[in-house]
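So the chains spell out like this:
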Amino acid sequence: MTTTTVSKTPKEALMIPPYLVFYLIHSMQIGVGVLGFTRYIGDIAGYRAWMAVLLTGVLFHIVVWVMYQILNEKDKDIVSVHQHAFGKWIGGFFTFIFIIYITFLAMTVLRTYVEVVQIWIFSDLPTWAMSLSIILIAYYAITSGFRVVAGVCFLGVVVPFFLLLSALAPLEFATFRNLLPLFDTTISSQIEATKAMTLSFLGPELLLIFYPFIQEPKKSQKYAHFAILFTTFIYLTITLITFVFYSEKQLATTIWPTLSAWKVVELPFIERFEYLGIATWMFVVMPNITLGLWGASRALKRQINISHRKSIIAMSVIAFIISISFTTRGEIDFLNTNVSKTGTYIAYFYLPLLALILYIRRKIKK
Amino acid sequence: MKKGFILCILSLLFLSGCVQTLVLDEIQLIHSIGYDYYDEDRIEATVSVPVYTVENVIESEVITAVAQTSRDARLELNAQASRPLHSGKINSILFNEELAEKTGIIPILDTFSRDATIGMRNYVILTSGSTKELLSNSYPLEMEVATYIEQLIEQNMERQNIPKSNFHLFMKYYYEEGRDPFIPYIKQDAQHVQVDGVALFKGDRYVHRLDLSDAFVMKILLEPFAHGTYEIALKEKDEFAVLRNIDSQTKFTIEKGTNKPAIDLLIKFKGKVNEYSGERIDPKKLEEIKQTLTKKLEADANRLIALFQEKEIDPIGIGSRVKAKNYHFDLKEWVDFYPNATINVKAQVEITETGVRE
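Residue numbers (the UniProt record's numbering), protein chains in the order written: chain W, 1 to 366; chain U, 1 to 358.
Think of the hints as simulated: they come from the structure by calculation, not from any bench.
Watch out, some of these pointers could steer you wrong.
[Stated by the list, open to error] Here chain U is said to cover these stretches of chain W; the calculated rule only asks that three of the stretch's residues, wherever they fall, bring their Cβ under 8 angstroms from a Cβ of chain U:
hint, segment
1, 230-239
2, 248-261
3, 266-273
[Said to hold, decoys possible] When the alpha-carbon atoms are kept at most 20 angstroms apart in a straight line, the in silico SDA-like pairs for lysine to any residue are as follows:
hint, chain 1, residue 1, chain 2, residue 2
4, U, K251, U, Y175
5, U, K89, W, F269
6, U, K256, W, L180
7, U, K89, W, I119
8, U, K272, U, K256
9, U, K251, W, R177
10, W, K249, U, N274
11, W, K249, U, K251
12, U, K256, W, F269
13, W, K249, U, D115
14, U, K325, W, E271
A quick note: this is a predicted structure, and the numbers were derived from the prediction, not measured.
Backbone N, C-alpha and C fix where the C-beta goes; we use that ideal spot for every residue, glycine too.
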């Protein structure tokens, strides 16, 4: 089922309807970041940091718009855009950077998820065992083709949906005045918090690779914007609930605020809701890894003209090596920070720049 | 593709051997843990574990150890247990009064809050005497002491006079600016464990105990829709009425934008007469009950707040309310001002029912 030809447009049977773009983008954005991002933004901008969530949401609407501007010209992906804009060698170089970036983006999610499992459930679970089995599942999905990858993303949004209800349980201990005074903040701290928030919003860049797989891609833009809107809504809800649940200094001492808040969920049939939550979280994590690896292998295949099967194997091995080379909390934090930084530059600076270059080239040609 | 799938299944199969298992029959679940003051730098830890007997009756047993920190204590405790002790089912953490007064309880609670297996709904409780004695005693009402304590506290918080408090709330209030934590206070007599009010903390040090009647007033100041009962003495000799709270709320009016605000409290009490020692309640009597109750509520609340100010503690979180109204909140300035702040309490009483007899 794997495409062995190096055609720019895949076969009709492999394509997805435009509305699935909503699931692809949304599931790629929600990862393990949800479990802990409130602490980082709370550290920077205090309990007024919910504004940064909205601000990042707005910025990502612009990022999505910019990406569609880049791609809408012809039905092409980042590889041909790069070749078109910078020529074979420099363009290829940028594509490689992009491949490395999305591989690391997927591996950040995987490694952090394994860390969560190690801390909360199985303290002696070796990293290689967990990441190997997850990468194998992702590999299996990717070899079955893009439609299956899109299916994983769909499940990754629908199955964990019930967890949203559990997010309401902490409201029993809510102190709403934590959010007051409402606008006691500075612009600079909000910008800092927006930077920290960016990691949790990263993921729509994959659109640059799967764009040719969308039937009537121009129609999919509204679904992409809707995905960003939904992500913003979820993050905002979680931020507000976390802020009323913890006091400010208490939040600063909690590594996984969203997870720890599950410690107060009381259900008659399960004593500890976290275990159910962490297990279900696998559905949230899978799209990140599957779509990330799919994107990396697809771009690699397009760039160096090898069969997709070979590039999937190559990317899976590389991903596995990356995931086991980060072991301590400090190293994982380092990974998170740097992926976040790279993603920030790519989303906010590189993509608009690329759009500008393409625009200018088009003008000159005319 | 089939190969890949088989590989997945295989890997999952051999992975199940990688992790240490925790089979319920092979571990010893701790149900309650107590800490006592031993000497200046040592504590005594007591854990209560359930013992399942053949007749389906659950009894409890205790293990005790003396150590420097709570983690050391864990080592010593495990050294006496035939099966590994597991803290996933702890439902109450007890501290003895002396320990909470002299060394503070945060160092111990901190290790609990780091532990992923511990729930946040556990009760943190202060005991008047030794927790070791309290946990090792057997009580005729209940077989298992930990369950007894848990249900006792739960009942008293949900329906009686004790304000809501648990592990999460303790940590939350401890870290909150302009607020101090509080926990239920229990004491032991020969046959029972008895809830005996609320223990107030300054930081993590125990400073004062409120009795059950004051706990009711504190609860009204803290929580809307609180339950609880409150007794008032009426004019005539030996005449009294017991009121039950249905729906009460305290409205805080705080001057905006200053660290030294004027503060007014309005208690809106809505309740019913539960017990009355006299013959019948006529409108005149009802009016008298209302008047007396209003006066007593105001007096009690004023006395309580004066007490909080004198001890420089803030269990009802006035400071955090001031913070919410001020764009330039300065904790130090507020803390300096708090003991001398003028805080006025007014009460509004509404009595809806007088029981099934007139």
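Structure-based check of all given hints:
| no. | hint | verdict |
| --- | --- | --- |
| 1 | 230-239 | violated (count 0) |
| 2 | 248-261 | holds (count 5) |
| 3 | 266-273 | holds (count 3) |
| 4 | K251/U with Y175/U | violated, 24 angstroms |
| 5 | K89/U with F269/W | holds, 14 angstroms |
| 6 | K256/U with L180/W | holds, 12 angstroms |
| 7 | K89/U with I119/W | holds, 18 angstroms |
| 8 | K272/U with K256/U | violated, 36 angstroms |
| 9 | K251/U with R177/W | holds, 13 angstroms |
| 10 | K249/W with N274/U | violated, 43 angstroms |
| 11 | K249/W with K251/U | violated, 26 angstroms |
| 12 | K256/U with F269/W | violated, 47 angstroms |
| 13 | K249/W with D115/U | holds, 19 angstroms |
| 14 | K325/U with E271/W | violated, 39 angstroms |
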